[in-house]
Amino acid sequence: MTARVLLLALLGAGFLPAQFSLFLVQNGQDVASYDQTYGFGTKPVGAAVSLEFHLRNTGADAILTDLQLTGADFQFIPSPPSLPQTVPAGTAVDLMVQFGPGQPGPATANLIANGVQLATFDGTGLASVAVSLQNGSPVPSPMDFGSVERGKTAAYQIVISNGTGSSVVINVGTTTTQFTTKPATSQFSLAAGAQVSLEIDFVPSVDGPQQANLEINQLVYPLTGVGIDPPFPLPQLEFDSVRYGSSQQGKVTVQLGSPSQATGTGEVDIDFNPGDASANADHAIQFLSTGARTVTFNVNEGDTVGHFGSGTSATFQTGTTAGNIVFTVKLGAFVSTKTFTVAPSVVVFDSSQAQRTSAGLDLQFDAFDNTRSTSNMTFTFFNQTGAPLPPGAIAIDASGALRQFFASSDLGGVFGLHAFFPVNGNPAQVASVEVKMTNSSGAAQTARLPFTTP
Amino acid sequence: MKRAAIFFLLCLTAAWAASNWNAPLVGVTRGARNQLHPVYGVAGSLVLRGALKGDALNWAFAASGGLVQTDGELSVLDARANVTERRATSASEVILSPDYAFFPKTGELWPAGVSTDGSIAIEPAVIAGRVIALGPDQRGIVLAACRGNQLWLLTFSVKKGALLHESMPGGAVGEQACDNPGALLVLKDRLLLAAGREIVIQTAGGQERHVPIYGTRIHRAGEDTVQIELPGLPSQLMRISAEGERLYEMPAAEARP
Numbered sequence: 034m035t036a037r038v039l040l041l042a043l044l045g046a047g048f049l050p051a052q053f054s055l056f057l058v059q060n061g062q063d064v065a066s067y068d069q070t071y072g073f074g075t076k077p078v079g080a081a082v083s084l085e086f087h088l089r090n091t092g093a094d095a096i097l098t099d100l101q102l103t104g105a106d107f108q109f110i111p112s113p114p115s116l117p118q119t120v121p122a123g124t125a126v127d128l129m130v131q132f133g134p135g136q137p138g139p140a141t142a143n144l145i146a147n148g149v150q151l152a153t154f155d156g157t158g159l160a161s162v163a164v165s166l167q168n169g170s171p172v173p174s175p176m177d178f179g180s181v182e183r184g185k186t187a188a189y190q191i192v193i194s195n196g197t198g199s200s201v202v203i204n205v206g207t208t209t210t211q212f213t214t215k216p217a218t219s220q221f222s223l224a225a226g227a228q229v230s231l232e233i234d235f236v237p238s239v240d241g242p243q244q245a246n247l248e249i250n251q252l253v254y255p256l257t258g259v260g261i262d263p264p265f266p267l268p269q270l271e272f273d274s275v276r277y278g279s280s281q282q283g284k285v286t287v288q289l290g291s292p293s294q295a296t297g298t299g300e301v302d303i304d305f306n307p308g309d310a311s312a313n314a315d316h317a318i319q320f321l322s323t324g325a326r327t328v329t330f331n332v333n334e335g336d337t338v339g340h341f342g343s344g345t346s347a348t349f350q351t352g353t354t355a356g357n358i359v360f361t362v363k364l365g366a367f368v369s370t371k372t373f374t375v376a377p378s379v380v381v382f383d384s385s386q387a388q389r390t391s392a393g394l395d396l397q398f399d400a401f402d403n404t405r406s407t408s409n410m411t412f413t414f415f416n417q418t419g420a421p422l423p424p425g426a427i428a429i430d431a432s433g434a435l436r437q438f439f440a441s442s443d444l445g446g447v448f449g450l451h452a453f454f455p456v457n458g459n460p461a462q463v464a465s466v467e468v469k470m471t472n473s474s475g476a477a478q479t480a481r482l483p484f485t486t487p
Numbered sequence: 166m167k168r169a170a171i172f173f174l175l176c177l178t179a180a181w182a183a184s185n186w187n188a189p190l191v192g193v194t195r196g197a198r199n200q201l202h203p204v205y206g207v208a209g210s211l212v213l214r215g216a217l218k219g220d221a222l223n224w225a226f227a228a229s230g231g232l233v234q235t236d237g238e239l240s241v242l243d244a245r246a247n248v249t250e251r252r253a254t255s256a257s258e259v260i261l262s263p264d265y266a267f268f269p270k271t272g273e274l275w276p277a278g279v280s281t282d283g284s285i286a287i288e289p290a291v292i293a294g295r296v297i298a299l300g301p302d303q304r305g306i307v308l309a310a311c312r313g314n315q316l317w318l319l320t321f322s323v324k325k326g327a328l329l330h331e332s333m334p335g336g337a338v339g340e341q342a343c344d345n346p347g348a349l350l351v352l353k354d355r356l357l358l359a360a361g362r363e364i365v366i367q368t369a370g371g372q373e374r375h376v377p378i379y380g381t382r383i384h385r386a387g388e389d390t391v392q393i394e395l396p397g398l399p400s401q402l403m404r405i406s407a408e409g410e411r412l413y414e415m416p417a418a419e420a421r422p
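Here the protein sequences line up with chains A and B, keeping their order.
Numbered continuously in my numbering, the first sequence closes out at residue 487.
Numbered continuously in my numbering, the second sequence closes out at residue 422.
Treat the hints with care, since some could be wrong.
Chain B side only, calculated, beta carbon under 8 Å to chain A, not exhaustive [claimed, not checked]:
#1 Pro189
#2 Glu373
#3 Val376
#4 Pro377
#5 Ile378
#6 Thr381
#7 Ala417
Keep in mind the hints are simulated off the structure, nothing from the lab.
Glycine is no exception: its CB is placed at the ideal position from the N, C-alpha and C atoms.
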């Protein structure tokens, strides 16, 4: 009878397999221990090692309601799985188990899922040195050095104490050259009961977040820090002239007070405050390389001057409007300005063409009035002997027409005038003309413009 | 005399009422993207505005207007740089002045804007060389031609295509122009040649000046302006006057702030 019951139990077990099984994950593959015991090896007290497992549901859909680790030196990291959770058939729950011995000697823990012990973990704690900060507090994880300028140093002071009762050989190292130990000895002996101070330096040579580990024997301490640019030197604007008038092209350079330790980009901006606040924009006031009022420049480590593309200066135009041109250079945290006053001036004639046709006289000229205040114009025509033709200077009020023109222009104070004068008679008798324009700064006159025949 | 003066004054007043205030057009220049842009302003205060359609292969512009060669087309521009007419043209070489186009293959001299019936035939035998530039002349038009390796200036009538005059300008321009095709400009009172690392200027009065600038190509951009294209650098605008030449840097094409 007893044998029959046992047989039935064994047969029944074949139809009711265990729901959950534990597998060690090695190289992405599930590996099962034949005796469901997994060893974490020997670790110094204070150090830790972790292994990855799959808690696989080998049966039908199931609910995981309880999961325990029975040992203080073993824990789930970063945290235990959330419970309860449904584990569909054939799937697994990822587990990361860490062994961190709190004292020397063997340590064990059992993994129990839904009340069933699935595996045993074991490991051994090794008597080791203790590491703390200078003030005795635990070493933070990670040891964060914060933001540090390239080439500068941030440091932590740590103390290594040997409480093992015997002399210990200490191996110290960091995993990148951005972090170093001082003194730089990588191996030394520490007598029983002794302690030694060590400085951990972060000296970033590149920008951005940096990470490494400090390793003391088998103890691993994560290190972090951020490399940042050192500040730029103070930029100063220099110009190729001490003053500018209208309709000029000038050059600006950005001089640095000392060789830059930083690499980056700055910009120079133009702001314009016209003398007449109601004046239309003057789009000719611009940097020529961009066709705009902003130009960027680059500064590399070691530079003493900003680089505008392949050159060291940027060409700008002063436009044709009286007012203040304000240049602002921005580099890192520095801002510096320089203001030039473009003084109001009389009308400036740029080009002219006086032609005689069979029907009359054709006069064209281009000019600018940086005050945009021209009121009167006079035309004086001369005969072949150079004498003024009657009635002499002919005055015309141009203020209304020019005001209307400037109101619709965004080219500053520039204007062109094309006038045709029909002549009743022989135009060849008119040899030349002088044009005079008067604005708020005074009167300006063209040279005597000879009429030519096309 | 008194009566004539009164008439003149009356006419003047009437003309003033019809006068035209405008934004001065300095000329047209080619931007970094090979498009032509009208340039407004005065010397030292230049603003580039919207581009004309198409890639400009060649162009010439002056106060009266100009001509632009794009791929497969010649466009006629008026004095305000507006396209007024288009003429299909093959990809063959065209020599341009603001007012004329010369087709070396056919010997056709085309006055801008007229129908092709109005073209003037220039006999190749009369040219006896390779035309490399056109220029203005009070009596007609100048064809700058290389005969062998020597530059000749041939003045033709624009009515009958007859040769009126020919001369050798000599000097550095005369000697080097045929080695630098596309680098010669014939202006009213001077010749300009982009020759290596300098612009050579030879005036009608026989003076020769050298402007040290590495311009690979020069173009008639306006009545008194020449665009000098520099490899890898912003173009320069050369302002030409009776007093001499002055250089200005060109704004970038994306000029509108």
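To see whether the hints hold, each was checked on the structure:
| no. | hint | result |
| --- | --- | --- |
| 1 | Pro189 | holds, 4 Å |
| 2 | Glu373 | violated, 25 Å |
| 3 | Val376 | violated, 17 Å |
| 4 | Pro377 | violated, 17 Å |
| 5 | Ile378 | violated, 15 Å |
| 6 | Thr381 | violated, 17 Å |
| 7 | Ala417 | holds, 4 Å |
Taken one by one, the earlier hints fail for this structure at numbers 2, 3, 4, 5 and 6, listed in ascending order.
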